[in-house]
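J.: Here's the letter readout for the chains.
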Amino acid sequence: MAEAVAPIPVLSVRNVAKSFGAAIALRKGCLDSYGGSIHALVGENGAGKSTLVKVIAGVHHRDGGEFLLSGRPVDFRNTAEAKAAGVAVIYQEPTLFPDLSVTENIFMGRQPVLGLGRIDRRRMRSEAADLLERLGVRLNPDRVARGLSIADQQVIEIAKAISLDAKVLVMDEPTAALSGVEVDRLFTITRALRDEGRAIIFISHRFEEIYSLCDTLTVMRDGEYVSAHAIGDVTVDEVVRRMVGRSVTDLFPKEAAPVGDVRLRVEGLTSSGKFHDINFVVRSGEIVCLAGLVGSGRTEIVRAVFGVDGYDRGTVTVDGHTLPMKNPAAAIAAGIALVPEDRRKQGLVMDFSVRSNMSLAVRDRLSVLGILPALKETRLAMSWAHRLQVKTSSLDSPVATLSGGNQQKVVLGKWLATEPRVLIIDEPTRGIDVGTKSEVHRLMSELAGHGVAILMISSELPEVIGMADRVLVMKEGHMTAELSRADANPETVMYAATHSVEKSA
Amino acid sequence: MTQSAVVPPGSNDAVRLVSRLYRAREASILLVVALVVVAATVTSPDFLFSSSGWRDLTLAPSILMILAVGEAIVIITRNVDISVGAVLGFTAYFAGRVLTDYPGVPVVVVFLLGTLLGALMGLFNGLLVTLLRVPALVVTLGTLYIFRGIDVLWAGGIRIMPGDLPSSFLDLGTSSILTVPTVTIIAVFVAAAAVWYMKCTRGGRTFYAIGSDPDAARLYGLPTGRRVIIALATSGALAGFSGVLYLSRYATADSQVGTGWELQAIAAVVIGGIAIAGGSGSVGGAALGAVLLITINRALPVLGIPDFWQQAVIGVLILFAIVTDRLLFIRTSHQLLEARETTNA
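Residue numbers (the working numbering), protein chains in the order written: chain A, 1 to 505; chain B, 506 to 850.
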């Protein structure tokens with residue numbers, strides 16, 4: 001630890017523990033964050049980062065340990081107390097009031113008032129406008145929050161924090177849903193806040209972001225503090241090794257598989273306003289990646305292919321059979337499986353058990369006279385849980401209690417049980433920790449080896465380049481490049497994804 | 506009225522449309538009320554121009570108006586109170602009992618007691634909703650039957666008669682100031698105070714925030730439980746107040762007073778443009794919704810529309826209000842998305 005002249009940390013937690021019933025979420029959380037510094041908090045999912053953040057935010061009350069703010073012990077029982085003490089948290093999913101204006105969202109509960117408790121709207125509005133201007137964003141303070149992009153919503157969250165004059169700002173995976181330009185804007189703002197002397201805690205799974213933004217770093221594993229470093233003192237490999245407790249040599253092991261016949265063929269697919277004249281094929285044994293920025297139309301295409309949304313023109317064929325439009329049941333029958341981006345809302349029934357979720361897509365096949373025999377269901381769930389190495393205390397646990405990575409495995413298991421010929425995966429490893437990530441990649445590679453045609457959407461360039469046999473790059477609804485494995489590198493993919501949109505910075 | 510006249514620099518059509526929607530709703534309700542009154546008056550001039558025409562027109566909606574204002578506050582927090590009719594009935598009988606059993610009690614005290622009793626009943630609702638985390642729909646459905654049951658048990662077949670009530674109390678229900686009935690003035694005053702509170706104070710805005718996204722409100726550190734209790738207690742208090750007002754206007758009460766009024770109050774709220782899922786709409790809209798509902802109810806027989814169709818018209822009105830809100834919501838969402846694309850370019 002390089003702390004020669006040690007000032008008092010603005011925020012300091014020592015050996016903080018938190019359990020939920022029998023489940024220990026946090027054994028020993030330690031974190032020091034100094035003013036004028038951006039501190040990265042890294043760890044696999046389930047390492048206890050989010051729990052630690054929630055303790056800091058006053059959402060959870062710690063069971064034990066020390067919590068100091070500017071050297072003084074604090075004990076938050078709710079988020080209001082934490083905010084009053086100058087701790088602001090920006091969650092992965094911003095939590096705004098959609099029906100209220102940007103201004104009201106920033107000042108809710110703390111509006112400037114005149115006599116009789118009347119809110120001084122004029123002052124509130126001009127303060128909001130000033131804040132937004134300081135942050136360098138063009139947002140109308142009078143518009144309602146509904147319909148704002150995630151990036152803009154985060155800016156409002158930051159504006160809230162500044163208006164509180166927060167000393168500590170915690171950002172929990174703020175970049176997960178942002179495009180490149182939006183990340184740049186967020187980083188500019190974050191650096192400005194650092195330069196004002198605030199302590200910033202930044203959580204991310206993306207090392208290139210951490211290394212470009214942060215100056216110190218704390219690693220957590222299994223609910224415990226592992227180590228803290230100045231960012232220059234450790235390499236990414238070293239950090240990853242500490243995070244997983246083992247060395248991950250190859251993050252993206254796509255093995256060569258024999259490429260066979262065309263499984264999925266998409267021709268002239270057009271949906272006005274979403275995508276135009278999309279043509280591609282996916283062969284058995286192949287992993288084809290749809291790359292491009294968030295909002296470039298990738299998800300819309302796979303939704304149309306799977307029959308969730310309709311389209312204006314074009315055809316989708318699987319093994320030579322043309323699929324009807326807007327009919328997911330026909331797509332499933334033809335052998336397509338779709339692992340959606342938002343597994344919590346679209347991929348799983350969160351209150352159902354692991355077992356029930358696994359059998360969800362094959363209920364009819366397993367059923368006898370409309371009744372699902374428990375034994376058959378258990379056997380199926382057991383075999384997939386074993387093959388995918390799902391970590392759960394029991395097949396009867398609700399999937400809501402699993403970590404993100406294990407939830408993703410359950411979604412995969414659910415679709416693999418249908419024995420798909422074409423597997424579509426939207427953001428296969430979003431929000432999944434490093435260790436599980438490579439397991440998901442190994443699984444995909446194995447499936448391709450068994451002759452499944454895989455179409456993957458990914459925003460993570462290393463994943464795209466490591467996994468894909470071919471990369472299709474989308475830009476604003478048009479396919480701008482098709483790159484072979486040999487030609488695909490971060491520069492070529494990013495160029496095709498951003499090509500000719502360089503006007504805004 | 507609260508928006509500054511200065512045009513914001515980044516303003517655009519979508520934003521202006523949203524801010525204008527509330528006022529547009531209130532204006533269009535007033536327009537429909539006017540049309541209904543004109544149609545009824547043309548058919549039968551007595552509707553407006555008889556000695557009691559103007560008085561009935563203004564007096565008839567006033568009690569429902571107060572009830573609807575309370576209901577609106579609850580619905581804005583994404584809850585609902587269907588016990589208001591029972592609370593109104595209970596306090597009407599309670600007020601009658603106080604006035605007959607304790608002659609000489611000042612009128613003001615009776616109103617205070619009735620309001621307090623209603624507030625306690627609302628508090629009971631609020632505590633059940635927040636402490637047991639039971640949806641308000643279920644809690645207030647239960648208390649609707651409980652309150653009504655106690656009322657029936659207590660009143661039995663007894664009816665409070667005008668002769669039982671002091672004239673100072675009855676005067677309030679019949680008097681008027683500058684041709685406007687006193688009860689109407691009270692109702693308008695209550696509605697105006699509620700509009701002001703909901704629009705211009707921290708507490709009022711908190712109700713909107715909670716209804717807009719309860720989870721976000723909790724995470725934000727807003728005292729959601731306390732505010733929901735306050736909303737339900739306010740609704741109860743206003744229903745209790747309405748009960749006493751009912752007695753002074755009709756001069757009679759039995760155990761069945763206010764039956765079904767909860768549905769009329771909810772209908773008024775919906776017609777007034779308040780989203781049933783909370784978070785948006787104006788309390789003033791709900792008050793005007795009550796005026797429209799009652800006025801239509803009174804005008805339809807005058808226009809010679811058969812009884813069955815009168816009910817159907819109300820139903821169509823509610824559905825029309827909901828469908829309009831939904832269409833407007835979809836349209837503004839689209840415009841907000843487009844606005845986002847143009848400002849980001």
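These aren't lab readings, by the way, just hints derived from the structure by calculation.
If you're wondering where the values come from, they're calculated on a predicted model, not measured in any experiment.
Yeah, the Cβ is synthetic: ideal placement off N, Cα and C, and Gly gets one too.
One or more of the hints may lead you astray.
[As the list claims (entries may be wrong)] Covered stretches of chain A, going by a simulated chain B footprint (3 or more residues, C-beta under 8 angstroms):
hint : segment
1    : 78–91
2    : 96–104
3    : 116–128
4    : 141–149
J.: Where does the structure disagree with the numbered hints, that is, which hint numbers, in rising order?
T.: As far as the earlier hints go, not one is violated by this structure.
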